[in-house]
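Asker: With full-length UniProt numbering applied, the sequence shown covers 1 to 186.
Hints were generated in silico from the structure; no laboratory data involved.
This structure is a prediction, so every number in the text was calculated from the model and none was measured.
Just so it is clear, CB atoms sit at the ideal spot from N, CA and C, and this is done for glycine as well.
Heads up, a few of these hints could be off.
Here are the simulated distance ranges between beta carbons [as the list claims (entries may be wrong)]:
(1) 15 / 61: 22 to 32 Å
(2) 19 / 126: 40 to 50 Å
(3) 46 / 125: 51 to 61 Å
(4) 147 / 76: 17 to 27 Å
(5) 135 / 40: 37 to 47 Å
(6) 59 / 115: 18 to 28 Å
(7) 125 / 56: 23 to 33 Å
(8) 16 / 135: 44 to 54 Å
(9) 72 / 46: 23 to 33 Å
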Amino acid sequence: MALQPCKNYIAGHWCDGQAVIANHSPSDVEDIVGHYHQASAEQTLDAIAAAREAQPLWAATGLEQRQQVLMAIGNELMARKDELGELLSREEGKPLAEGIGEVNRSAQFFHYYAAEVLRQMGETAASVRPGIEIEVQREPVGVVGIITLEFPDGDRGLEDCPGPGLRQRRGVQTGQPGAGQRLGPE
């Protein structure tokens, strides 16, 4: 039985795109990894608007809850590393061990930044002005969009993990659909 085309997750809903495209493995062009809905420009703007709308709520989320979210993502990646690694290997045309390793490394990034959320390192510096001290505070600045290319899971782990821990809201579009869309909410 063929899998249904993967949809786009926008503003808490799974949505059809403007077209459905096939994702072929570059190492075996007869191997269709999956079919994916391609978002329209309007849907992309809707996703950005939804991320902007959700950002203040996420920024107000407590440290422990943000830590738990990042840890849960890392745990899910670890639990599914064989499945996702195989899918990633097919869609990128790379050896299976590299695909699994990439998913594993991404999970490690999420675990690392989950711990960083609770570490709360502050920075202060002396000023050249008497009686003045400089304090560095990390605050959310808004929505960030990421398009991954060569290592979609590894890049996502490396680029995406710090943001949620620091109360950033992220929008992610993989360079090619595939494993990234299989990670979305059920």
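Asker: Determine for every hint whether it applies to the structure shown.
Answerer: Checked hints:
1. 15 / 61: 22 to 32 Å: 25 Å, holds
2. 19 / 126: 40 to 50 Å: The hinted range 40 to 50 Å is violated for residue 19 and residue 126, with Cβ atoms some 58 Å apart.
3. 46 / 125: 51 to 61 Å: 42 Å, violated
4. 147 / 76: 17 to 27 Å: 22 Å, holds
5. 135 / 40: 37 to 47 Å: 45 Å, holds
6. 59 / 115: 18 to 28 Å: Holds - the Cβ-Cβ distance for residue 59 and residue 115, about 20 Å, lies within 18 to 28 Å.
7. 125 / 56: 23 to 33 Å: Once the Cβ atoms are compared, 30 Å apart, the range 23 to 33 Å for residue 56 and residue 125 holds.
8. 16 / 135: 44 to 54 Å: 48 Å, holds
9. 72 / 46: 23 to 33 Å: 26 Å, holds
In summary, the numbered hints that this structure violates are 2 and 3.
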